[in-house]
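Top line first, the protein sequences correspond to chains B and V.
The first sequence lines up with residues 501 to 790 when you count with the numbering used here.
The second sequence lines up with residues 22 to 410 when you count with the numbering used here.
Derived from the structure by calculation, the hints contain no laboratory data.
Please note that the accuracy of each hint is not assured.
As the list claims (entries may be wrong) - With a straight-line Cα cutoff of 25 angstroms, these simulated DSS-like cross-link-like pairs (lysine-lysine) come out:
| # | chain 1 | residue 1 | chain 2 | residue 2 |
| --- | --- | --- | --- | --- |
| 1 | V | K192 | V | K23 |
| 2 | B | K756 | V | K235 |
| 3 | B | K632 | B | K644 |
| 4 | V | K159 | V | K235 |
| 5 | V | K76 | V | K23 |
| 6 | B | K756 | B | K728 |
| 7 | V | K23 | B | K756 |
| 8 | V | K114 | B | K519 |
| 9 | B | K756 | V | K114 |
| 10 | B | K760 | V | K159 |
| 11 | B | K756 | V | K159 |
| 12 | V | K23 | V | K44 |
| 13 | V | K44 | B | K756 |
| 14 | B | K508 | B | K644 |
| 15 | V | K76 | V | K159 |
| 16 | V | K166 | V | K23 |
| 17 | V | K44 | V | K159 |
| 18 | V | K274 | B | K760 |
| 19 | B | K728 | B | K760 |
| 20 | V | K235 | V | K166 |
| 21 | B | K644 | B | K760 |
| 22 | V | K114 | V | K166 |
| 23 | V | K76 | V | K114 |
| 24 | V | K274 | V | K114 |
Listed below are the residues making up each chain.
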Amino acid sequence: MSILVDEKTRVLVQGITGKEGSFHTRRMIEYGTQVVAGVTPGKRGEALDGVPVFNTVAEAVEATRPNAAMIFVPPRFAADAILEASEAGIDLVICLTEGIPIHDMLVVRSELDRRGTMLLGPNTPGIISPGKTKLGLMAGYIHKEGAVGILSRSGTLTYEVVHQLSTRGIGQSSCAGIGGDPIIGLAFTDLLARFDADPQTRAVVLIGEIGGTAEEEAAAYIADRFTKPVVSFIAGRTAPPGRRMGHAGAIVSGGKGTAKEKTAALQEAGVRVVENPGEIGAAMAELLGR
Amino acid sequence: MKIHEFQAKEVFSSFGIPVPTGKVAATPAEARDAARALGLPVVVKAQIYAGGRGKAGGVRLVESAEEAESAAAAMLDRPLVTHQTGPEGRIVKRVLVENASDIEQEVYLGITIDRARRAPVVMASPAGGVEIEEIARKTPERIFKEWASPQIGLRPFQAHRLADRLGLNAKTTRAVAAVITNLYRAFAETDCTLAEINPLAIVSDGAALAIDAKLNLDDNALFRHPDLASLRDPNEISDLELEAGKYNLNYIKLDGNVGCLVNGAGLAMATMDLIGLAGASPANFLDVGGGANEEMIEHGFDILLSDSDVEAVFINIFGGILRCDILARGIVAATRHRDFDLPVVIRLEGTNVEEGRRILAESGLGFRSASTLSEAAALVAQAVSKEAA
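Okay, chain B solo, but in the shape it has when bound (with noise of 0.2 angstroms):
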């Protein structure tokens, strides 16, 4: 098992013929995702390595019945795109996209919370289940099959994260970016809920940042209900206040969202908190008494 995608998950991807859609569909056929269709308007007819090109998304899905989308398009046509995979009835949307205005995203949000769309990001490296597949960023061979799932708001951060744990022998059931932004879909909450009920999942390593309630509200969720062991880390304790730190959404603003208050907050829902970015593949190892 694994959380949200496995090697029977078929992928939609937009915007497949621009420079970052190309290359990650290469490389995501590389790992053995399954690549059914790529949208790109005007460009019906074209394939690229073989995965056919259409002009719309009802289209595809029609020709090819994908389950998921991902979303290269750039920022100012991406909020368009998560509707337009929505309203084609896709249940999973990733959007890679970095830059989306806020307001467009307000909109998508509240009408994919109507229609029942699960989203993924913006502004999101994407999610591998290792072993199955990668829709996503990041470099597969880092990554190892196993039993810690982990969720994220960043990339590279995530990445070294895995690679602390895979040189350790740790291998990963699902790792997920919920993404850099303000307002997103799927949050930290709605994935804790899918690794409990996830059986090859042990354990949950948790990279949180300042900005926002979303550790917060998770910490509120694994004091309620969570079942496994959790190791956290948050980006930012050295952050000024008042200033965007590279993902629009880490920002301390009126005093809230700091560091701090995230870190005592999953401390007290019983996470073993690691300040040192360098030591969460060590805290994990503990935990599993490796």
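Please build the complex by placing chain V on the supplied structure of chain B, with the hints as guidance.
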């Protein structure tokens, strides 16, 4: 992106929000002429992005044109230090000269995005003139809220319900509700992340007047508002941040002495935290992008070198799809022709790392190489303490 008060007031006017009559002046003489033209008394207000100007001497009520001139002379081309600017303050380049208003009462109005509820939240308080954070801390029961639907916006009944809670008379309540409706339109139509009127003055005839104005715009939506995008004031952005912006680097100047260059925002924050844990202090946040190509590393390195506070450099790159040997060649190429005598600690990890470390070691550029994050942090702390000794 922030804009100045006088610019925000122009936006307000275009959305039907009443503002005092005023003129912008860049010299004391212009301020004097503006005061004469407007009629006395007037208020002279320093135009900088930071708040807290009143307490810092950046707002003066004057009774004559000559006083307006001397008030402007005392503000212009000098730094104004408020609790939001940092100790160096901000240089005042313009003042806004406005008709003084006969204020009977002050209220607070603000709109921002509530991340937890995923909707715009409209806030009102009878405690006008006080910062919202302070009201929230001292008298949270005096802040009233309405959440707008992202799809259909703020409904008129919500604007009236909010205004009604401020305890004003019927005529003023109607005037305030109209301002709330128009402020919401401005917020939504110009893609704001914050729209604030503090204070909104109730003047003698029961009308409402925006005495101050603050609009923060969503950088990601500026492509829809080229007119507003052009208002960005380079005077308000540090030279290094301006330079970084040209190359699409995420750079924020901090007050420590360890310059750091990292790929990815999360890893960049974690790297700053690591420097802090090692007993040193980061000079900046710098994310060269998850993919980190040679050109980005080169521009990032140049920015660190031009920061005189930097005493040691820490490059932390995780190579995933982009392999470490290629990254190492990039780092060598980016630094080879630069003249620097700072200690440079490099921590490279990921695919083909051995080859990458070999390239760095054989470059002859004197890099100190670390394999783990903790080891790198210790090397950095050591480098900085040696510099200080």
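Please list, smallest to largest, the hint numbers that this structure does not respect. 1, 6, 8, 9, 13, 17, 21 and 22
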